[in-house]
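A.B. asks: Taking the hints into account, I'd like the entire structure generated from these sequences.
Residue-level listing of the chains:
Protein chains: 2
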Amino acid sequence: MNNPVYINGEFMEYEAARIDLEDRGYQFADGVYEVINSYNGKPFRMIEHFERLKKSAAALEIKVSDYGQLQADAEELIRRSGFTDASLYLQITRGTEPRSHAYSDDLTPNIVMTVKELKNHPDEYYQKGVKAITLPDERWSRCYIKTIALLPNVLAKKKAKRAGAFEAIMVRDGFITEGTSSNLFIVRDERIITPPATNYILNGITRRVILEEAAKLGFTVLEESISLGELFEADEVFLTGTTTEVMPVVEIDGGVIKDGKPGKITGKLFDHYRGLLG
Amino acid sequence: MNNPVYINGEFMEYEAARIDLEDRGYQFADGVYEVINSYNGKPFRMIEHFERLKKSAAALEIKVSDYGQLQADAEELIRRSGFTDASLYLQITRGTEPRSHAYSDDLTPNIVMTVKELKNHPDEYYQKGVKAITLPDERWSRCYIKTIALLPNVLAKKKAKRAGAFEAIMVRDGFITEGTSSNLFIVRDERIITPPATNYILNGITRRVILEEAAKLGFTVLEESISLGELFEADEVFLTGTTTEVMPVVEIDGGVIKDGKPGKITGKLFDHYRGLLG
Chain A
1 MNNPVYINGE FMEYEAARID LEDRGYQFAD GVYEVINSYN GKPFRMIEHF
51 ERLKKSAAAL EIKVSDYGQL QADAEELIRR SGFTDASLYL QITRGTEPRS
101 HAYSDDLTPN IVMTVKELKN HPDEYYQKGV KAITLPDERW SRCYIKTIAL
151 LPNVLAKKKA KRAGAFEAIM VRDGFITEGT SSNLFIVRDE RIITPPATNY
201 ILNGITRRVI LEEAAKLGFT VLEESISLGE LFEADEVFLT GTTTEVMPVV
251 EIDGGVIKDG KPGKITGKLF DHYRGLLG
Chain B
1 MNNPVYINGE FMEYEAARID LEDRGYQFAD GVYEVINSYN GKPFRMIEHF
51 ERLKKSAAAL EIKVSDYGQL QADAEELIRR SGFTDASLYL QITRGTEPRS
101 HAYSDDLTPN IVMTVKELKN HPDEYYQKGV KAITLPDERW SRCYIKTIAL
151 LPNVLAKKKA KRAGAFEAIM VRDGFITEGT SSNLFIVRDE RIITPPATNY
201 ILNGITRRVI LEEAAKLGFT VLEESISLGE LFEADEVFLT GTTTEVMPVV
251 EIDGGVIKDG KPGKITGKLF DHYRGLLG
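Protein sequences appear in the order of chains A and B. Once you know that position 222 of the first sequence is 222 in my numbering, the rest is easy, because the numbers rise by one and skip nothing. Once you know that position 236 of the second sequence is 236 in my numbering, the rest is easy, because the numbers rise by one and skip nothing.
Simulated from the structure, these hints should not be mistaken for laboratory data. As the structure is a computational prediction, the values presented were derived from the model and not from experiment. It is possible that some hints are incorrect.
Identical copies carry no separate label here, and so any pair may be met within one copy or between two of them.
To be verified - Distance condition first, Cα-Cα at most 30 Å in a straight line; then the derived DSS-like pairs of lysine-lysine:
#1 Lys128 x Lys55
#2 Lys128 x Lys63
#3 Lys55 x Lys158
#4 Lys161 x Lys63
#5 Lys131 x Lys63
#6 Lys159 x Lys63
#7 Lys116 x Lys63
#8 Lys54 x Lys42
#9 Lys116 x Lys158
#10 Lys216 x Lys264
#11 Lys159 x Lys261
#12 Lys116 x Lys258
#13 Lys264 x Lys63
#14 Lys161 x Lys54
#15 Lys158 x Lys63
C.D. replies: Here it is as structure tokens:
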């Protein structure tokens, strides 16, 4: 199968996949999702992704009957794709019913999964670093839930791309929250710092891996607020995410970070992270 | 046709309507919508709804090639439904492409319309008034765009229903913004007051009709911030919306407004509004 798809228990070709018009995901952004990468046929941190998925769904009161079966189906979909390295997209929406804001309590969720060949960002991005811009964080106040209501992220990411940047770093009340699809870290005096996992950020799986692994490597790791000023004065800046991995940021809003080259600690963490995959 | 549907230029039965999995509306809430009621076969304030639709789409850079044709198709769909009083739902999403936050500039939008028989709220609601609750406004900062990223509204509306209330009135920084699918007005000393149309509220068509018509009826009409305290001390409170019409609120968070009965000015505006329809 090429780009196989899973919808509510059935495996099918992408072309056969169709969504109901009154799926609440389509009319209300009433759903949650995960992106899970698989390396050499082995899903990376599948358990953590499913734990977060359960929490996201529970926060919205979306009830999935059997997460164990879903995880088995996810693994099966990856197998069927035949890709050595694959990227799985898993989305759960509340279900289908005639359009009305308040939802019924007894809805059966719609579960969709797609899988594509994993394409890493170009090596050059990691070797030379990328640019970022800063933007006001316009999102809602419950960013800790991984929902499909991603429109603010979409608009900010587009602004970044237009500015020739890799990512938009969002700022709320003078402090950094995160990227539109990544978490942010800075390095200062060899200490690794990332904003705490409040309601204003999505606690990324890669973020947590880096926090754990950096500590194992002997670094001082801190979850502390980062002001806009501290961002620009950092020794190193990097972004993390399932697709982003550990991405050095060397220029923000046109100003270079330190000497404009990827930082040493960022490079060390990137190499270490790559070593964990598959 | 029963519940006819329109998708990208084609009219069909609801059962035949299917959405693409990678429609950006489904994965990113990347779209806008309108709900337009038709009374005795005549769409109410169609032009105003389309003007707002254009503004919403433009704010997201969604490019629709021919709004004139779309409006004609909307009218045709209402005709085909055969309903004397109908409710048209019109949704435009950015288009379909492989999932990626930043969108391509050349996408063709997906346009979907459904039409159902219009069901008014029970007369009793208008005669006796309804209850509301207040909740923190958790939405993003660009609520003036009528997008399908409605998850915060959905969660707040559900809380209201669970509390036995008709609507949740949202509060940001101590001031009222609006309901989850309605605008809010208060009456104080015979003056009619609603919060100004900042970026934190959706400037409802019914809101504007009421502002205009109330002025025509000789009332003093003000667009001013309303604090939570002012809400509870109001002489009258009512909500407006295409489906809500002019709905008296007689109890908020368990406390009665004045004598707990729908206000006289609210009643007058309701009667007047009903008179404008079809």
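A.B. asks: Tell me the numbers of any earlier hints that the structure contravenes, in ascending order.
C.D. replies: 1, 2, 12, 13
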